[in-house]
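When you get a sec, could you build the whole thing from the sequences and use the hints?
Protein sequences appear in the order of chains X and B. If you read the first sequence in numbering that gives the first Met the number 0, its first letter stands for residue 0, the second for the next number, and so on. If you read the second sequence in numbering that gives the first Met the number 0, its first letter stands for residue 0, the second for the next number, and so on.
Think of the hints as simulated: they come from the structure by calculation, not from any bench. For every residue, glycine included, the Cβ atom is placed at its ideal position computed from N, Cα and C.
One side of the interface only, derived from the structure: several residues of chain X facing chain B at Cβ under 8 angstroms:
1) F412
2) D423
3) V437
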Amino acid sequence: MSSLVQSVDWLAIAPPTITAVVGLVVLVADLFVDERRRALLGWVSIAGLAAATLLLLPLSDGDRATFCLTGDPRLCSYTVDRFTLVIQLLVLLGALLAALLSVTALKDARKGVPEGEFWFLLLSSAAGAALLPASRDLATLVVALEVASLPAFALVGIRHGDRKSSEAALKFFLSSVTATAVTLMGISFVYASTGTLYLLRIADRIQHVDGQLHTLAQAGVVLTLVGFAFKTAAVPFHFWVPDTYVGAPLPVAAYLSVVGKAVGFSGLILVTVVALPSYSDAWGPALAALAALTMTVGNVGALRQQATRAYSAVRLLAWSSVGQAGYLLVPIAAAAYSRDAQKSIGSTVAYALMYGAVNLGAFAVAALVGRARTLNRITDYRGLYASHPLAALLLAFFLLCLAGLPPGIIGLFAKVTVFSAAVDAGLGWLAVVMAVNVVIALFYYLQWTALLFRAPEGEPEKQRVPAPLTAAIALTAVLGIALSGAPQLVLRFSATALF
Amino acid sequence: MIDISESVMQFLLAFIVVVPLIGALAALLPAPPGLKGKSPEQAVLRHGVTITGAVLVAAVVLALGFDHDHPSKMQATTDISWIPALDVRIHLGIDGISLPLLVLTALLTFLCALYSYFKLPAGPSPKGFVALLLVLESGTLATFAVLDLLLFFLAFEMVLIPMYFLIARWGGEGRTRAAWRFILFTLLGSVVMLLGLLLIGLKAGTFDMVALATDNGRSLTTSVQVIAVLAIGVGLAVKTPMWPLHSWLPDAHTAAPTVGSVLLAGVLLKMGTYGFVRILLPVAPEGFHTFAPYLAAFAVVGIIYGSLACLALAKRGAKGDLKRLIAYSSVGHMGFVLLGIATTTPTGVNGALFANIAHGLITGLLFFLVGALKDRTGTTDLDTLSEETGAALYGKAPRLGGLLAFAAVASLGLPGLAGFWGEMLAMFGAFKPAADLSRPAFLTFMAIAAFGTLLTAAYMLVVVRRVCMGAVPQKAPSLADVQTYELAAWTPLVVLTVVAGLWPRALLGLTDPAVQQLLAGGTR
Numbered sequence: 000m001s002s003l004v005q006s007v008d009w010l011a012i013a014p015p016t017i018t019a020v021v022g023l024v025v026l027v028a029d030l031f032v033d034e035r036r037r038a039l040l041g042w043v044s045i046a047g048l049a050a051a052t053l054l055l056l057p058l059s060d061g062d063r064a065t066f067c068l069t070g071d072p073r074l075c076s077y078t079v080d081r082f083t084l085v086i087q088l089l090v091l092l093g094a095l096l097a098a099l100l101s102v103t104a105l106k107d108a109r110k111g112v113p114e115g116e117f118w119f120l121l122l123s124s125a126a127g128a129a130l131l132p133a134s135r136d137l138a139t140l141v142v143a144l145e146v147a148s149l150p151a152f153a154l155v156g157i158r159h160g161d162r163k164s165s166e167a168a169l170k171f172f173l174s175s176v177t178a179t180a181v182t183l184m185g186i187s188f189v190y191a192s193t194g195t196l197y198l199l200r201i202a203d204r205i206q207h208v209d210g211q212l213h214t215l216a217q218a219g220v221v222l223t224l225v226g227f228a229f230k231t232a233a234v235p236f237h238f239w240v241p242d243t244y245v246g247a248p249l250p251v252a253a254y255l256s257v258v259g260k261a262v263g264f265s266g267l268i269l270v271t272v273v274a275l276p277s278y279s280d281a282w283g284p285a286l287a288a289l290a291a292l293t294m295t296v297g298n299v300g301a302l303r304q305q306a307t308r309a310y311s312a313v314r315l316l317a318w319s320s321v322g323q324a325g326y327l328l329v330p331i332a333a334a335a336y337s338r339d340a341q342k343s344i345g346s347t348v349a350y351a352l353m354y355g356a357v358n359l360g361a362f363a364v365a366a367l368v369g370r371a372r373t374l375n376r377i378t379d380y381r382g383l384y385a386s387h388p389l390a391a392l393l394l395a396f397f398l399l400c401l402a403g404l405p406p407g408i409i410g411l412f413a414k415v416t417v418f419s420a421a422v423d424a425g426l427g428w429l430a431v432v433m434a435v436n437v438v439i440a441l442f443y444y445l446q447w448t449a450l451l452f453r454a455p456e457g458e459p460e461k462q463r464v465p466a467p468l469t470a471a472i473a474l475t476a477v478l479g480i481a482l483s484g485a486p487q488l489v490l491r492f493s494a495t496a497l498f
Numbered sequence: 000m001i002d003i004s005e006s007v008m009q010f011l012l013a014f015i016v017v018v019p020l021i022g023a024l025a026a027l028l029p030a031p032p033g034l035k036g037k038s039p040e041q042a043v044l045r046h047g048v049t050i051t052g053a054v055l056v057a058a059v060v061l062a063l064g065f066d067h068d069h070p071s072k073m074q075a076t077t078d079i080s081w082i083p084a085l086d087v088r089i090h091l092g093i094d095g096i097s098l099p100l101l102v103l104t105a106l107l108t109f110l111c112a113l114y115s116y117f118k119l120p121a122g123p124s125p126k127g128f129v130a131l132l133l134v135l136e137s138g139t140l141a142t143f144a145v146l147d148l149l150l151f152f153l154a155f156e157m158v159l160i161p162m163y164f165l166i167a168r169w170g171g172e173g174r175t176r177a178a179w180r181f182i183l184f185t186l187l188g189s190v191v192m193l194l195g196l197l198l199i200g201l202k203a204g205t206f207d208m209v210a211l212a213t214d215n216g217r218s219l220t221t222s223v224q225v226i227a228v229l230a231i232g233v234g235l236a237v238k239t240p241m242w243p244l245h246s247w248l249p250d251a252h253t254a255a256p257t258v259g260s261v262l263l264a265g266v267l268l269k270m271g272t273y274g275f276v277r278i279l280l281p282v283a284p285e286g287f288h289t290f291a292p293y294l295a296a297f298a299v300v301g302i303i304y305g306s307l308a309c310l311a312l313a314k315r316g317a318k319g320d321l322k323r324l325i326a327y328s329s330v331g332h333m334g335f336v337l338l339g340i341a342t343t344t345p346t347g348v349n350g351a352l353f354a355n356i357a358h359g360l361i362t363g364l365l366f367f368l369v370g371a372l373k374d375r376t377g378t379t380d381l382d383t384l385s386e387e388t389g390a391a392l393y394g395k396a397p398r399l400g401g402l403l404a405f406a407a408v409a410s411l412g413l414p415g416l417a418g419f420w421g422e423m424l425a426m427f428g429a430f431k432p433a434a435d436l437s438r439p440a441f442l443t444f445m446a447i448a449a450f451g452t453l454l455t456a457a458y459m460l461v462v463v464r465r466v467c468m469g470a471v472p473q474k475a476p477s478l479a480d481v482q483t484y485e486l487a488a489w490t491p492l493v494v495l496t497v498v499a500g501l502w503p504r505a506l507l508g509l510t511d512p513a514v515q516q517l518l519a520g521g522t523r
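Here it is in C-alpha cells:
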C-alpha cells in the first residue's frame, strides 16, 4: 500500500510551515508569558519570519515538487520554482517589515491590542500567503487564499473598543466572503467541465471540453478570477480598501497593501497563465479592462484626497495602492496577447518587488510620523525635513520611486518594463492609458514630496525613533537604493522563465 | 588639438557626469574640518564653485583632447552593460554635435555657481541650492553624453526635480504655480516620449543610439516611425518649447531665480532640440520627413508669436515684465532652431545647432543682466523701471547699460555676433529644404521667419530705448555699476558671443561633419 502514500519534501514546504508553527507557538506561549515580557512574543515572531525567509536560500538551487500524485508524478500540489521563490520572498519580507512596524505600534497602543493574538494572526496570514504561490491545484489555492484572508479580517478589527476598526473589519469581511464564494462557484464550474483540480491538467483538458459545457467552462474562468481580483483590490472590487486601511492599525494596512496584493496577483497568474492559457481570449480583454479601470479609479481617488482631512496620508497611500494594482495587472493582461507569456509575467513580478520595498518604506515613515501626530494628515508632513531630515529624504525617495521619477530609478525602470510588456503585446491603448495615469499619479506624489521640504509650522519637534522602526526604514531604504543602482536585481525576472 | 589617450578621455567624460552627483551628496553633508570657511553658507557655496569648476576644466580638457579632424566619430566612448533585462547599457560618447553643448553646460553652470557665491539667492539655506544645482548639472551633462535611449530618458527626467525645487523654493512671486506648470507640462510630454522611445527600442531590437542611427530607420516600418516621431516629438517639443506647447516657459522664467532662469534658457531648452537632432533625425528619418513641414509651420508661428508677444510686453503701459519678455523671445529663437531642424538639410541643421549655442550664450547673459537689474532696482517691470522717459541705465550705470544693449543687439541677430549665423543658416536651409519636402511651403516659412527677425529687432530696440536711454533725473538714486564678480561671470559669455560671431567656423567645423553623417545615416 506504500504507493498510495505521498512522500513529503519537508525542506520544500519549510517556509510556510515554519511561519505557521511559530504562529502557533506564539499563541500558546502567550498564555504562559508574564505581562511584562509580552514584547518577547514579537521578537520570536520576527525571528520566525526571518528564519522562514532564510530557508528560501537552500531552495534556490533547483525546482522541487511535493505532494505529487503517486500515479502521475508530474502532477503536484506544491511546487517550488522560481516564481514560487520570488513571491515567497516578497511575502515573507513584506510580513517581516510589517512585523517590525508592529512592534512599535503594539508598544504605543499600550494593551489596546492583544499581543499574542495579533502575532498569531499575522503569522498565520503570512503562512497562507507564502503557501499560495506554491500551490498548483485549485483546492490548495483556495485554502491558501482563505488562510491568508481570514486572519486578515481579524487583524483589521483587532483594536479593542474601536468602532472604526470593527466597522472596517466587517466591511472587509463581508465583501471578501462574497468574492470567495463567487470564486468557489467558478472553481466548481471549472471542475465540472474538466473533472480535475490540478492546474496543469486543467490546461490540458479545458481545450477539449464538450461543446455543451463550453459556456459553463467560460463562466467558471471568469468567476474564478473574481476572488483574486478582489484581493488585488482591482476596480470594481476596491471599495473596501480606503476604509479598511484607515480603520486597521497602520502596520496591518502596510501588510495588506503589499502581501494582500501579492496573494491576489500571484493567484491570478496561476489561474490565468498556468491553468487557462487556452482561454486567453476570455481573460485577456477582461484583465486589460480591469487594469485600465483600476489604475484610473485609484489614481483619481488619490488625487481627490484633501490634505487636511484626518488620516489623509493613509487614505492617499490606500488609493495609490489601488492605482499601483492597476499597473501590476497590465503585464498579466499582456500575457494573453504576447508570444512569450512568461516574460510578461516577469514584469509583474519585477514591478511587485519594487512596489513592495518602496511602499513598505513609505508606510514605515508614515508610521513614524503617525506616532507624534495620530491623525496622520498629509499636512502633518509639512516641514518633516526640518525635524527628521533623513526620514524626509527617504520618504521623498520612496514617493518618487512610486511615481517613477529620478532619483527613484528603480521605479522608473519597473514602469518601463510594464510599458514594454504592454507595447510588446500590441496593447498600445493600455500603454497610453497607463501613461496618462502615471502623470496623474506624479501630481499627487510630487505634491506630497514638495510638502516635506516646506518650512514647518511652529518649532520642529525632535523625538527619538524606536529601534524596530529605524530598522524597517533602513531595510527598505537599503533595498530601494540598492535596486536603483542595480535594477537588474529585480528586472532580470522580466527576461527569464519563471515556471 | 592635443593628444590625450582614449582611456583618459573616457575617464574625463565619466568624470563630468558623475562628479556633480557626488558633489551634490557631499553638499548635503557637513563640511569636513579644514574646509569650513567663514560660515557653513560660504563653505557650501564655495564647494559648488569648486565642483562646477572642476567639471568645467574637465570639459575643456575633453574639448582639447577631442580629435577635431574626425568630429563625426564618437569619441571617449564607454560602453558597459547595466540592465541586461531591458538591454540598457551605460553608453557614453561625444561627437561634434554634443561636445559644444557639453562645454556650454559646464561653463554656464560654473558661472552660475560663481555668481551665487557672491550673490546669495534669497530663500532657504544654500545647502539645498548647491545640491540641486549640481544634480541639475549632472542631468544635463548626462543628457548630452549618453548614447542609449532609456538612459537619455533617465537623464532628461533627472533635471525636473532640481529645477522644480529651484523655482519653487528660491523663486520670486507666483513661484509655486509656475513650478507646477513647469513640471506638469514637461512630465506630460516626457511620458508620451517614453512610449515613443520604447516603441522604437522594441521594434528595432536595441536602445543603442549609435546602432539605431547606423540602421537609419531601415528596421522600422513607416507606421512605427510616424507614431514614434509623433510621441517623441511631442515630448521634445514641450521642452524646446515649440508653440503652442510653450505656455509653461514664461511663467517659469518670470518666477525662477536668476540662476534658474539662466540654466533653464541656456541649457535645459537645448535638451529638447538636441533630442530632435540626435534621436529623431537619424533614427526615424521617414517619420520625421512626414512631420517636418508641420514642425516648420509650428516653428515659424512660434517665431511670429514670440515676437508679437514681446512687442506687446515692451509697449508703454503694458506692465511688461522683462524676464517674461526674454522668455517669449526664447520661444521665437527656438522657433528658428526648430525651423532649421525641420529642413533636414545639413545647412539647416548646422544652423539650428549654431543657434542653439548662440541662444544659450546670449539669453544666459540677458537673464544675468536682468537679474542684476532686479537686484539693484527691485523690479523687472518695464513700466516701473522706465517711468516717464526711460530708465536711463546709460546715465546711471553705464557699464551695465552697455552690456544690456550689447546682449540685446546680439539677440536680435546683428551680423558679427553669435546670434546672426544660426538664424541665417536656418533660413538658408529653408530656402532649399531636403528634396522630398515641399519647397514652396518652406519658401513661405522662410519669408515669415525673415519677417520675424524684423519684429525681433523692433522689440529689442524698444527695450534698449526704454531701459538704457532716457534723461537722468537730478535726484536719481545712484545704481551700483557692474561689480567685479559680475564682470567675472559675464565676460566669458560676452567674449564667446563675439568669437562665435566672428569665427563661426570654430563651431560649424565641429558640427558639420557630424550632421552630414547623421543625415546620411550610418557610418559614411
